[in-house]
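Sequences listed follow chains R and Z, in order. Numbering-wise, the first sequence is residues 1 to 295 according to my numbering. Numbering-wise, the second sequence is residues 1 to 273 according to my numbering.
These are computed hints drawn from the structure, not numbers from a lab. Note that this is a predicted model, so its numbers are computed, not measured. Using N, Cα and C, we set each Cβ at its ideal position, and we do this for glycine too. There could be a bad hint or two in this list.
To be verified - A few chain Z residues facing chain R, derived, Cβ under 8 Å: (1) L23; (2) I29; (3) L45; (4) V89; (5) P93; (6) I140; (7) I143; (8) Y176; (9) F230; (10) A248; (11) V263.
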Amino acid sequence: MKNVKYGYSPIIAIFPAVVIFFVFYVLISIANIALSFTDFKGTFMQEVNFVGFHNYRLALFSPVISRGVLNAIRITFIFSISVTLIQNFFATILAVLCNFKIRLRNFYRTVIFMPTILGTVVIGMSWRLILNPYSGPVNYVYNLFGYDSAILGDKNVALYYVIFVMIWANFGYAMVLYLSGLQSIPKELYESSEVEGAGNIAQFYYITLPLLRPIVTINILISIIGTLRSFDLIMVMTSGGPADATTTLGLFIFKNLNSSISQGFVSALSLIHFLIVGVVVFIAYYYLKKKETEL
Amino acid sequence: MEIHRSRKILINMFMGLVSSVMLFPILIIVNISLKTRREFIQFPLSIANQINIENFAQAWDKGDMNLFYKNSFIYTIFTVIGIIVITAVASYPISRKHLKISGFLYKLFLSGLFLPTSLVPLMYLMRSLGFINTYHGYIIFAISAQIPVSTFIFCGFVKGVPRDLDDAALVDGCPYFSYIFKIMFPIMKPAIVTVAMLSAIGVWNDFIGPLLFLVDRSKRPLTTGLYSFFGQFFNDWTVLSAGILIVATPLIVFYLSVQRHIVSGITSGAVKG
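Let the hints inform the model, and build the full structure from the sequences given.
In structure tokens form, the structure reads like this:
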């Protein structure tokens with residue numbers, strides 16, 4: 001291990017980072033896999049038994065318990081797919097518009113990017129007030145048009161509002177990434193295409209979109225990973241309710257952290273969650289890479 | 001890109017619409033926070049007819065904002081210092097390949113970006129280390145959460161610093177650590193600023209971590225403090241809005257003052273990856 005030139009110094013330099021990383025990532029991940037096959041109750045004072053795939057069977061195939069888990073998986077996918085698609089669609093268009101030489105573009109960018117730093121609690125709380133069904137401004141406007149809704153309290157629509165707020169909070173980040181991609185496209189391409197008579201729309205299809213491909217890949221992967229895993233904004237806005245209508249898998253795990261079944265069961269859920277994220281990201285990555293090379 | 005005048009107007013209209021959707025929630029909250037309770041109930045959407053700071057005073061007092069501000073500052077400052085010292089020092093031998101396992105370590109740290117959060121063992125670990133409801137416990141947890149991103153940023157930066165400098169210093173007999181602290185750190189300043197900003201925003205806004213590990217009221221930061229404040233005063237809209245603004249204002253001021261750095265800092269990691 002000792003370095004010829006520097007002795008033990010390099011080892012001392014990496015030591016704190018390695019120790020913290022080993023404990024908080026490696027050890028914990030291994031422990032999670034191991035615990036998912038046991039009936040661990042949160043303490044080693046009680047007997048811990050090896051139960052094989054029991055926790056996984058319970059989570060995915062048992063008649064009662066699996067209902068909540070599968071429902072959470074379904075909601076996770078609806079949430080993740082809608083946010084990823086809508087967010088990237090809007091972010092691309094807005095980035096292109098923001099890239100034109102208009103006077104206010106820096107102002108637009110500043111405003112649209114702002115939620116990225118506001119944090120989930122400020123965002124979630126603000127929208128919870130605004131969407132409040134009793135005296136919230138949104139419902140007040142609905143009432144003026146003779147429409148009444150429980151908004152976040154209505155289990156049929158609550159998820160759509162949460163999706164909207166998630167997009168509101170995150171598409172500025174995506175837009176700025178697209179903008180940086182746009183700015184790396186050589187201007188000569190647009191100039192020469194203009195000489196040949198291409199309009200703005202044609203330029204978008206034949207120059208901008210193909211050259212933006214790598215950024216599209218990055219952005220979509222970031223959105224997928226973020227939406228499949230995060231649950232803090234939903235926790236602030238609805239705590240997963242009403243009637244679990246906005247409980248994604250991440251939130252389901254968080255809320256059942258002290259599950260009466262066992263903590264081993266929760267560990268199994270975490271691993272299922274990880275596998276879902278891993279498989280989806282893997283498929284998306286190879287699909288997007290293939291698309292990139294086709295062009 | 002150049003564009004026709006008529007199209008410019010259309011674009012401005014569309015962007016103006018989007019910007020107002022972005023600003024709308026903040027303006028509504030500001031408006032509510034300035035009203036008296038009575039005015040709000042009678043005219044929820046009207047513009048506040050006078051500037052009334054009573055709500056802010058009440059939110060600050062009842063919400064224990066002094067305490068939560070103090071806690072948030074403690075967590076943020078110590079985590080930022082910790083993460084910079086630990087990962088900047090580690091990134092030097094890693095990106096210079098001073099160890100046989102340097103390449104492996106780099107990939108290992110990066111894998112942390114994708115590893116699942118294993119809440120059960122994490123909870124057990126924090127409890128058995130006595131880290132629950134302590135400043136140092138949460139700070140160590142927060143540092144661990146920032147390791148992958150900051151190693152990534154620092155290593156990327158150090159790779160761009162010419163090696164000639166290292167060799168010259170070695171010939172002069174400069175000790176390893178004084179080289180890192182006295183020569184590398186000043187050179188790494190742009191990367192340090194980026195990491196400081198990213199991790200500060202991350203810790204300041206962290207919600208799930210404090211919700212799990214800082215249960216005790218006296219240890220709560222602003223995020224969970226505000227969250228619990230909501231539970232207590234869920235009918236007192238004008239005070240709640242003031243509470244939200246008390247928490248949001250430093251973030252908005254910080255953002256507007258160093259906006260360019262934040263935007264480029266937050267996006268730099270993603271694009272290089």
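Structure-based check of each hint:
Satisfaction of the interface hint for L23 of chain Z is found here, the shortest Cβ-Cβ separation to chain R being roughly 6 Å, below the 8 Å cut-off. Nearest Cβ of chain R to the Cβ of I29 of chain Z: about 5 Å, under the 8 Å cut. The hint holds. Taking 8 Å as the C-beta contact cut-off toward chain R, the hint placing L45 of chain Z at the interface holds, the least distance being around 6 Å. Interface hint at V89 of chain Z: satisfied, since its Cβ lies 5 Å from the closest Cβ of chain R, which is below the 8 Å cut-off.
For P93 of chain Z, the shortest C-beta to C-beta distance to chain R is roughly 4 Å, which falls under 8 Å, so the interface hint holds. Because the closest C-beta pair between I140 of chain Z and chain R is about 7 Å apart, less than 8 Å, the hint holds. Hint on I143 of chain Z holds. Least Cβ distance to chain R is approximately 6 Å, under the 8 Å limit. For Y176 of chain Z, the interface hint holds, the least distance from its beta-carbon to any beta-carbon of chain R being 4 Å, beneath 8 Å.
The closest approach between the C-beta of F230 of chain Z and any C-beta of chain R is roughly 6 Å, which is under the 8 Å cut-off, so the hint is satisfied. Among the interface hints, the one on A248 of chain Z holds; its C-beta lies about 5 Å from the nearest C-beta in chain R, closer than the 8 Å criterion. The restraint placing V263 of chain Z at the interface with chain R holds, with a minimum CB-CB distance near 6 Å, inside the 8 Å limit.
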